[in-house]
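Hey, can you work out the whole structure from these sequences and the hints?
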Amino acid sequence: MPLVAEDLAVGQEMTPTVKQMTLERMGRPLISGSNPIHYDPAFARNAGLPAPIATGVMSSAFLSEMLTTAFGVDWLRSGSMDVKFIRPIYAGDTVTARGRVTAKNATSTGIRIALEIWCETQRGEPVTVGTADVVVH
Amino acid sequence: MEDKLSLDFEALSLGDEYADEYKLTPEMARDYADGIADRNPWYLEHSPFGGPVANPMLIVAQHARLFKTRYTTAGNVHTRHETQFLNPARIGKVIKVYGTLVDKYLKRGHEYLVMECRSVDEDGIEICRDRRTIIIRYAKRPE
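Read top to bottom, the protein sequences are chains B and A. Numbering of the first sequence is given in my numbering, commencing with residue 1029 and proceeding in unit increments. Numbering of the second sequence is given in my numbering, commencing with residue 486 and proceeding in unit increments.
Mixed in with the good hints, there may be bad ones.
Interface residues of chain B toward chain A, partial, derived using beta-carbon atoms under 8 Å [claimed, not checked]:
no. : residue
1   : V1032
2   : E1034
3   : L1051
4   : R1053
5   : R1073
6   : T1083
7   : G1084
8   : V1085
9   : L1104
10  : G1107
11  : V1111
12  : K1112
13  : Y1118
Just a sample of chain B residues kept apart from chain A, beta carbon distances all over 10 Å, derived [said to hold, decoys possible]:
no. : residue
14  : Q1048
15  : A1070
16  : S1108
17  : D1110
18  : A1142
19  : R1151
20  : G1152
21  : H1165
Don't read these hints as lab results, they were simulated from the structure. All C-beta atoms, glycine included, are put in the ideal place defined by N, C-alpha and C.
What follows is the structure in structure tokens.
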């Protein structure tokens, strides 16, 4: 059930989305784009990485899932996100997508909700950080 | 098997345009749902839009295919995206993807490219816009 905009308060946190990373998922062609840096240990080592890294848009997908749960059809029709991938995600990591409301404003088309969004791993480090915005009708 | 060119930072020109298209199939929707462990029925069975629609990030992820129309992209790393969702993409539609190289720069020994992309379905409905930044080959270039 999507959230009701009127009930949202600045500072409110979204219900997190939690995912386990596996090399099998990271390496699926549709997700990795068949780029071996996402699934081939030897290729990753040659690039100076300790292990294959997940493609950044996997973490964006976890954030988008959290926001779809929160805002329903409005996210697919009017959502926007600006995210940076600041640390690598490896197979075996647990990734948690989180979000917090930073602003809420009435507009001519609905209530615009702005959020701070991020993903963190079990190490407590942010790996993906950014902002999101959605107009809720 | 791979007979495409390597991405050459110096040779790429701002304003270069890329295009590709693909059919958004139920199999793609299922494979993506399994890959990111998001089995929302909107993407697989039915949705408030009258039939299954694509996970919006599946469409964004396909923007990576643009450079692959000409170059091998092994070793590239995505660092940022600024994305606007405009309409859901219906499963079964052909999606056309367009991109323009809008910036390139060196930073801390890495070669960065910025491409503005958009996806439009076969009926002309714009699905999303995206500005994506990548590093060409993660290994740093020689000093």
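These are the hints, each one checked on the structure:
A hinted interface residue such as V1032 (chain B) counts as satisfied when its beta carbon comes closer than 8 Å to some beta carbon of chain A; here the least separation is about 16 Å, so the hint is violated. Interface hint status for E1034 (chain B): violated, as the beta-carbon distance to the closest one in chain A is roughly 20 Å, over 8 Å. At a threshold of 8 Å, the smallest CB-CB gap from L1051 (chain B) to chain A is about 12 Å, leaving the interface hint violated. Because the smallest distance between the Cβ of R1053 (chain B) and any Cβ of chain A comes to about 5 Å, under 8 Å, the interface hint for this residue holds.
At a threshold of 8 Å, the smallest CB-CB gap from R1073 (chain B) to chain A is about 11 Å, leaving the interface hint violated. The criterion of a C-beta within 8 Å of any C-beta in chain A is met by T1083 (chain B), whose closest approach is roughly 6 Å, and the hint holds. The criterion of a C-beta within 8 Å of any C-beta in chain A is met by G1084 (chain B), whose closest approach is roughly 4 Å, and the hint holds. For V1085 (chain B), the interface hint holds, the least distance from its beta-carbon to any beta-carbon of chain A being 5 Å, beneath 8 Å.
For L1104 (chain B), the suggested interface contact is upheld, since its CB lies about 5 Å from the closest CB of chain A, less than 8 Å. Among the interface hints, the one on G1107 (chain B) holds; its C-beta lies about 5 Å from the nearest C-beta in chain A, closer than the 8 Å criterion. Of the supplied interface hints, the one on V1111 (chain B) holds, with its beta-carbon coming within about 6 Å of a beta-carbon of chain A, less than 8 Å. For K1112 (chain B), the suggested interface contact is upheld, since its CB lies about 5 Å from the closest CB of chain A, less than 8 Å.
Interface restraint check: Y1118 (chain B) against chain A, minimum CB-CB distance 14 Å, threshold 8 Å, status violated. The non-interface label for Q1048 (chain B) is inconsistent with chain A: the shortest C-beta to C-beta separation is roughly 8 Å, within 10 Å. Residue placement check: A1070 (chain B) keeps its beta carbon more than 10 Å from all beta carbons of chain A (closest about 12 Å). Chain A draws S1108 (chain B) into its interface by the beta-carbon criterion, the shortest separation being 4 Å against a cut-off of 10 Å.
For D1110 (chain B), the shortest C-beta to C-beta distance to chain A comes to about 4 Å, within the 10 Å cut-off, and the non-interface label is violated. No beta-carbon of chain A is positioned within 10 Å of the beta-carbon of A1142 (chain B); the least distance is around 14 Å. R1151 (chain B), annotated as away from the interface, keeps every beta carbon of chain A farther than 10 Å; the closest lies near 20 Å. Against the 10 Å criterion, G1152 (chain B) stays outside the reach of chain A, whose nearest CB is about 22 Å from its own CB.
The Cβ of H1165 (chain B) sits about 13 Å from the closest Cβ of chain A, beyond the 10 Å cut-off, so the non-interface label holds.
Taken one by one, the earlier hints fail for this structure at numbers 1, 2, 3, 5, 13, 14, 16 and 17, listed in ascending order.
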